[in-house]
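Chemist: All chains, please: the whole structure from these sequences, using the hints.
Number of protein chains: 2
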Amino acid sequence: MIADLKWLDISVTLQDGMVHWPGDPAVHITLVQAMKDGCCANLTQLNMSAHTGTHMDAPRHYLQSGASMEQMPLSAGMGTARVIVIEDAHEIGLAELIRHAPQPGERLLFRTRNSDTNWENGEFMPDFVALSVAAAHYLAECKVRTVGVDYLSVGGFHSDGTAIHRALLEGGIWIIEGLNLRQAPAGNYELICLPLKIMGADGAPARAVLRPLEPQGV
Amino acid sequence: MIADLKWLDISVTLQDGMVHWPGDPAVHITLVQAMKDGCCANLTQLNMSAHTGTHMDAPRHYLQSGASMEQMPLSAGMGTARVIVIEDAHEIGLAELIRHAPQPGERLLFRTRNSDTNWENGEFMPDFVALSVAAAHYLAECKVRTVGVDYLSVGGFHSDGTAIHRALLEGGIWIIEGLNLRQAPAGNYELICLPLKIMGADGAPARAVLRPLEPQGV
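Those protein sequences? They're chains A and B, same order as listed.
Just so you know, we're using my numbering here: the first sequence kicks off at 1 and counts up by one.
Just so you know, we're using my numbering here: the second sequence kicks off at 1 and counts up by one.
Quick caveat, the hints were computed from the structure, so don't treat them as lab data.
Glycine residues also receive a C-beta, built at the ideal position from the N, C-alpha and C atoms.
Worth double-checking, as some hints may not be accurate.
[Claimed, not checked] Not the full set, but computed from the structure, chain B residues with beta-carbon under 10 Å of chain A:
1. Val32
2. Arg60
3. Leu94
4. His158
5. Ser159
6. Thr162
7. Pro195
8. Leu196
9. Ala201
10. Ala204
Modeler: Structure follows, in C-alpha cells:
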C-alpha cells in the first residue's frame, strides 16, 4: 500500500529564476492572473527547459531516433532502487562503481558531495560531481535500468557530456537528473519517479519520492 | 511493492498546441536545440499554464492566503482512491453523489462522459461535465481528501467555477483536473498522483497512475 508517512521527497523545488544548465532557457515562473490585482483566481505560467530541476532524460535527448518521454515505460521510474554514496569528491569513477557491483535491471541513485549543498538555490556550480566516460560505459555494460544523479547532468561541465549521455542512453538506461538526495542514506528503497508525459520530448520535469525497504540495507 | 505492470497511466499526454482553458496561456512545446540542425542534443522548452493537461489545483488558486503547491502533503495524491462512474450526462450532481456516500478522507475520482472522448486532442469542449455548486459543498461537508475530474476543471464553463473551486478548496480538498479515466472501471484503487513541486504556485502539472486494489470493488 502507498502509505504516505514514510515517503521521502527527493525532488528539488522549482522556482522562478532558479539555476539551470548554462545556455539552456532560463526558468520563468510567473503569475499571469493575480487575485491581488482583482482577478478571480491566481494563475501561474511556466516557461522553462524540459531539463529543469529534477527531471528525466529520454534517449531522444542525444539519439535522434531514440524514444521520447511519452514512450517511457513506467518501470524506468518505479520500483526498487539503491542509493549509493560516492566518496570521490571529483567524479563518479569506474573503480568506485566496480566496488558497488551494479546488477542488471537495477535503478541506481548516486549521492555525491553535490548533495551537501542546497544547490538548487545557488548559482550554477561548474565543478559538480558527475560520471566519468568509463563509468558510463561500465553502467551500460552492467545493463542497469536507471541512473539518477544529484545535480543537473550525468556529464560534468568540463567533461564529455555527449559521450557520457550517449553511453547511458545507447545502453537503454533511463536517466534521472537533479535529485535531492541529502536526506537519503545509502541503502535499498522503493522509488517512484514520475515525469510529465510530453509528446516527442527529449526530457521532462519529474517528481520523485523514495521509501526505505524493510529491512533496510538488504 | 511498486510493481510496474499493473499500473494504469491516467495522465493525458502534453502536446504543443493542445487544448487549454479559454483565456489561459497557450501550450507551446518547442525544440530550441535540434540534432537535425547540427546541435549535439535535442532540447525541448515548455511554455504553458501550470493548469495544463493533467494537473493539480492548490488552495492558492482561489484563496489568496491558501497553501501553494510546494506545501502539498504527498498524501493528497498518494493512497487509496475510489473511481465513481457518473451517469448524469450534464453534471456531477448532489443526488447522484449522495448515493455513493463519500467518506471522510476519501480520494474520489469522477469518471463522466468526458472520458468517452480523447478530449485532450480536440478543441475546447464547453459543455463538459463538471460538479454542481451543491455537489462541491457536499463533498466539503463529507470531508473528502481529494477530488479528481476527467476534464480541465471541477467547475463548468457556463457555471460558477469560482464558487465550485472555493467550496472544495476552503474545505481543505486538493483537486486533480484533466485525468484520463477511460480505462478505469468503477472501483477501489491505489493512486499515485505526483505534481511538480513549484514554489508559490496555485497549481502544477502532474503525472498520475492507478492500480486496482485486491480484491477490486470492495
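Chemist: Which hints, by number, does the structure contradict?
Modeler: Going through the list in order, the structure violates hints 3, 4 and 5 and respects the others.
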